[in-house]
Structure formats: structure tokens, C-alpha cells
Amino acid sequence: MKINENFVLRQIADTWVVLPLGDATLDFNGMITLNETGSLLWNLLEKGCEKADLVNGLLDEYDVTEEQASADVEVFLNKLRNIDCLEDL
Amino acid sequence: MLCRIAELTVEIPTAGGLAPRCKDYMINSADIPDIIIDDSLYPYDSFPDRLREAIEYTHSGLQFYRQLLDLGGMMLHSSAVEYDGYAYLFSGPSGMGKSTHTGLWCRTLEGARVINDDKPALRKMNGIWYAYGTPWSGKSSLNVNTKAKVAGICFLERGTENKIRRLSKKEALINIIAQTTRKKLTEIRMDSMLSCVERILEDIPVFEMECLPDENAVLTAYGAMRPENQGEK
Chain U
1 MKINENFVLR
11 QIADTWVVLP
21 LGDATLDFNG
31 MITLNETGSL
41 LWNLLEKGCE
51 KADLVNGLLD
61 EYDVTEEQAS
71 ADVEVFLNKL
81 RNIDCLEDL
Chain P
1 MLCRIAELTV
11 EIPTAGGLAP
21 RCKDYMINSA
31 DIPDIIIDDS
41 LYPYDSFPDR
51 LREAIEYTHS
61 GLQFYRQLLD
71 LGGMMLHSSA
81 VEYDGYAYLF
91 SGPSGMGKST
101 HTGLWCRTLE
111 GARVINDDKP
121 ALRKMNGIWY
131 AYGTPWSGKS
141 SLNVNTKAKV
151 AGICFLERGT
161 ENKIRRLSKK
171 EALINIIAQT
181 TRKKLTEIRM
191 DSMLSCVERI
201 LEDIPVFEME
211 CLPDENAVLT
221 AYGAMRPENQ
231 GEK
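Taken in order, these protein sequences are the chains called U and P. Number 69 in this note's numbering belongs to position 69 of the first sequence; there are no gaps in the numbering. Number 198 in this note's numbering belongs to position 198 of the second sequence; there are no gaps in the numbering.
Watch out, some of these pointers could steer you wrong.
[As the list claims (entries may be wrong)] Not everything, but these chain U residues come out facing chain P in the computed CB check (under 7 Å):
| no. | residue |
| --- | --- |
| 1 | Q11 |
| 2 | L21 |
| 3 | M31 |
| 4 | I32 |
| 5 | G48 |
| 6 | K51 |
[Claimed, not checked] Listed below are the simulated EDC-like cross-link pairs for lysine to aspartate or glutamate, each with C-alpha atoms no more than 16 Å apart in a straight line:
| no. | chain 1 | residue 1 | chain 2 | residue 2 |
| --- | --- | --- | --- | --- |
| 7 | P | K124 | P | E208 |
| 8 | P | K124 | P | E202 |
| 9 | P | K170 | U | E36 |
| 10 | P | K169 | P | D214 |
| 11 | P | K170 | P | E202 |
| 12 | P | K169 | U | D14 |
| 13 | P | K184 | U | D23 |
| 14 | P | K169 | P | E208 |
| 15 | P | K170 | P | E198 |
| 16 | U | K51 | U | E66 |
| 17 | P | K184 | U | E5 |
| 18 | P | K183 | U | E66 |
| 19 | U | K47 | U | D14 |
| 20 | P | K170 | U | D14 |
These aren't lab readings, by the way, just hints derived from the structure by calculation. Backbone N, C-alpha and C define an ideal beta-carbon position, used for all residues, glycine too.
Here chain U stands alone, though its shape is the one from the complex:
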């Protein structure tokens, strides 16, 4: 999976916002916010990876169980699916 190139992540005043660019704004004129964890996962996804890589990314960075990490990744991915910015590699 990877992020559609029409979506970008920007950090503003301690918040990370995901915004669509160009024509993507015609389908979706909203935005979503991410926290620091979400921004870490986003950066991994930008280069393209699988869910397992995202879970490992969290496990490397935070002291959580694999179950917890997997659940957090799923919440994150659903956020992205809602704005339709995920695509297959």
C-alpha cells in the first residue's frame, strides 16, 4: 500500500494535517489530523509498505504489545481509507 501522491502531510503548530492537492480537492475538500504516531506511520506509508511494516514501525518506536500496535495501525488505516488516499503499490 502507499499514499496517493495527491495527499500531503504538513505539520502546523504541533498538529499534523493531511490535505488533498489539486484535483483531489474536487472529491474531498476536508482534511484529517494526525498525532505524532500517525505522522510516523504516514512517513512509512509514503514510501510504500505493508501493514506488517507499519506494525513493526510502532513496535520499534513505542513500548506496546503487538496486539495494541496492530489495533492502532488499523485505526490509522481506516482514517486514510475514509478519505480515499490509500492505493496499492
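Knowing the structure of chain U, use the given hints to seat chain P on it.
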């Protein structure tokens, strides 16, 4: 025709209904324009059912907005009322009662006037944020070719009582971005917009008020937002 809008020289095609809207902004000068509105870009074909004048109004405003981004400013979907030397911006989705509220300011506070009822231009000049009247002021066309220092921005919600609170930077960020145009922006312009928003967040207090359409709402907002009453940001 050449106009002076938000302290910028703007070249605007005289087509359609724009000339009457711009009459308070027209100037006689040979200045090189800071912003040029190009009528060959008006998307008539994309909106075959819309009046040409409506397309000209909307698209000229959009071109102005995008070029204003290039110059470090932006427009916020809000009704800006000027009172006692300061501009108070009331923002929120369409239909939330922004114009109703600023209309009440004019009836409640002597000398208050709406300087832009739809999308005031915002620019930071010499360290101070100003809101400007422009010809693009929505259906009511309420606008004054003037500027006023911004005291604050307030997002309105319909409520059962008048209650105002300061927003956190994150809440303010989300609300401001939601009320500024982002359609088909290039990455560079989107970054200009975000940079402008970031500066606004540092300098201008942002509030949220649930309110009734009454005089007390005006006094509640004014009481909290007037510069003398501003506490620590």
C-alpha cells in the same frame, strides 16, 4: 480596470457585473499591477447552467485569492465587522448566522459597520494583521474599501445560550483551514496558505461562540474579543 484592493494594485477585466462591484476600488494610475485577473481563464464551459456574471464574480475572486496567497495573505470565509478601530471576524459554514450576527453588531454598537460580509482579505503589514474590504463580499455585497486591525476571529455555532471560549491552537487550525478555499491549489500555494495560517495562529486569538441571534450575543463576543480584555494568549 485598475483597482486598489487590500493595499495591492489589481488589474480586473471589466466584464459582466464586476465594474459596478469594483467602483469603490478603482484608481487612475499607471502602476504595475501586483495581481492580474485574467478573463480568458473564466470557466464558462464547465458551468453551462450558470449565469456568466456569476462565473465572472466567483472566478475573479478565486484568482485574486490565489495570487494573494503568493503575496503572503489569504481570505477567510467570514463576516468582518469593524468597530472602534478593530475588525472582528465571525466565521463558520454557510448558514451558521455570520451575517445575522454582524448585522446585530451594527444595530447594537453605534458606528459598527461590516467591511466584508463574505471573504475579507487578511494581510500582516508591519507586524499587524489587517482585515480588508474587497469587491468579493458575497450575496449582500456589503463591503467597505478600508482596513482594520484584527482583534480576533470567532467561529459561530447556533446555541441555546450565549457562551464564548478561546480555542486551542489545534481547534483553531482545523476551523480556519475549513473556512478557507482549497480547491485545486498547487502544492506551493497550499504551503503558502498553511504558512499564513500558522502566523495567524501565533498572533490572533481565536474563539468559538455558541449563540442566539440577539443583542446579548454581540455584547458577549465584544466583551471577550476586544483588545483591552485580551489576557495571555
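Hints, verified against the model:
Checking Q11/U against chain P by beta carbon gives a least distance of about 9 Å; that is not within 7 Å, so the hint is violated. Proximity of L21/U to chain P holds as hinted, the smallest CB-CB distance being about 6 Å (cut-off 7 Å). Given hint, M31/U at the interface with chain P, holds; its Cβ is 6 Å from that chain's nearest Cβ, closer than 7 Å. Look at I32/U: its Cβ only gets to about 10 Å from chain P, farther than 7 Å, so that hint breaks.
The interface hint given for G48/U is broken, as the beta carbon of that residue sits about 20 Å from the closest beta carbon of chain P, more than 7 Å. Contact between K51/U and chain P, as hinted, is not supported at the beta carbon level, the nearest pair being about 28 Å apart and thus beyond 7 Å. Taken as a hint, the K124/P and E208/P pair is broken in the structure, with Cα atoms around 23 Å apart against an allowance of 16 Å. Pair hint K124/P plus E202/P holds up; C-alpha atoms about 12 Å apart against a cutoff of 16 Å.
A distance of roughly 13 Å separates the Cα atoms of K170/P and E36/U; the hinted pair therefore holds under the 16 Å criterion. For the suggested pair K169/P and D214/P, the alpha carbons sit about 28 Å apart, so the restraint of at most 16 Å is broken. Distance restraint check for K170/P and E202/P: the Cα-Cα separation of roughly 12 Å lies within the 16 Å cut-off, and the hinted pair is therefore satisfied. Of the supplied pair hints, the one linking K169/P and D14/U holds, its CA atoms being roughly 9 Å apart against a limit of 16 Å.
The suggested pairing of K184/P with D23/U holds, with an alpha-carbon distance near 5 Å, which does not exceed 16 Å. Annotation: proposed proximity of K169/P to E208/P holds, straight-line Cα distance about 12 Å (limit 16 Å). A hinted pair counts as satisfied when its Cα atoms are at most 16 Å apart, and K170/P with E198/P qualifies at roughly 11 Å. This hinted pair checks out: K51/U and E66/U have alpha carbons roughly 12 Å apart, not beyond 16 Å.
Of the supplied pair hints, the one linking K184/P and E5/U holds, its CA atoms being roughly 14 Å apart against a limit of 16 Å. Of the supplied pair hints, the one linking K183/P and E66/U is violated, its CA atoms being roughly 40 Å apart against a limit of 16 Å. A threshold of 16 Å between alpha carbons decides the hint, and for K47/U with D14/U the separation of about 23 Å lies outside it, so the pair is violated. Restraint check: the Cα-Cα separation between K170/P and D14/U comes to about 8 Å, which is no more than 16 Å; the hinted pair holds.
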